[in-house]
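J.: Sequence:
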Amino acid sequence: MVDVSEKKTTHRVAKASALVKLPHEIKTLVKDGEIESKKGPVLTTAIIAGTQAVKKTHELIPFCHPLSVNGCDISIDFNQDADLVVTCSVSIDGKTGVEMEALTGVSVASLTIYDMCKSISHGIVISDIELLEKSGGKSDIS
Numbered sequence: 019m020v021d022v023s024e025k026k027t028t029h030r031v032a033k034a035s036a037l038v039k040l041p042h043e044i045k046t047l048v049k050d051g052e053i054e055s056k057k058g059p060v061l062t063t064a065i066i067a068g069t070q071a072v073k074k075t076h077e078l079i080p081f082c083h084p085l086s087v088n089g090c091d092i093s094i095d096f097n098q099d100a101d102l103v104v105t106c107s108v109s110i111d112g113k114t115g116v117e118m119e120a121l122t123g124v125s126v127a128s129l130t131i132y133d134m135c136k137s138i139s140h141g142i143v144i145s146d147i148e149l150l151e152k153s154g155g156k157s158d159i160s
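So my numbering is basically just the index in the sequence shown, starting at one, shifted up by 18.
Each hint can be trusted.
In silico DSSO-like links for lysine-lysine, alpha-carbon gap of 30 Å or less:
(1) K156 to K25
(2) K45 to K56
(3) K113 to K26
(4) K74 to K25
(5) K156 to K73
(6) K74 to K57
(7) K152 to K74
(8) K136 to K39
(9) K57 to K136
Keep in mind that the hints were calculated from the coordinates and are not lab data.
Throw the hints in and build the complete structure from the sequences for me.
T.: Here you go:
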């Protein structure tokens with residue numbers, strides 16, 4: 019693990035996104051902005067799972083520091099093709115960034131959507147997992 023003891027504590031933010039392409043069979047189940055599957059409300063559950071993943075990133079990625087997360091916001095929106103765009107923003111006041119936490123959050127939220135809908139169709143495609151923004155460290159991305 020990288021020694022961050024000499025770094026200054028700064029406010030750090032990272033935002034990541036993923037695209038979850040849904041087959042027609044699942045798109046027909048959308049009602050009032052939610053997808054109901056046999057396992058329950060898909061999008062609500064995915065947001066909870068992604069939030070849990072953010073808090074446990076250091077347990078999943080071997081060289082990540084355990085962080086005290088100030089904020090985590092996960093949103094899941096339908097794009098013009100009725101596919102899902104998952105975004106995760108994470109913030110801390112710390113000595114290391116939160117890029118991995120944001121990327122882990124969108125990944126696990128997306129995987130949860132797949133898990134909850136796979137009994138309807140295995141045609142779900144998760145793609146375009148990417149870091150959109152980061153600030154507060156040595157280099158910013160926007």
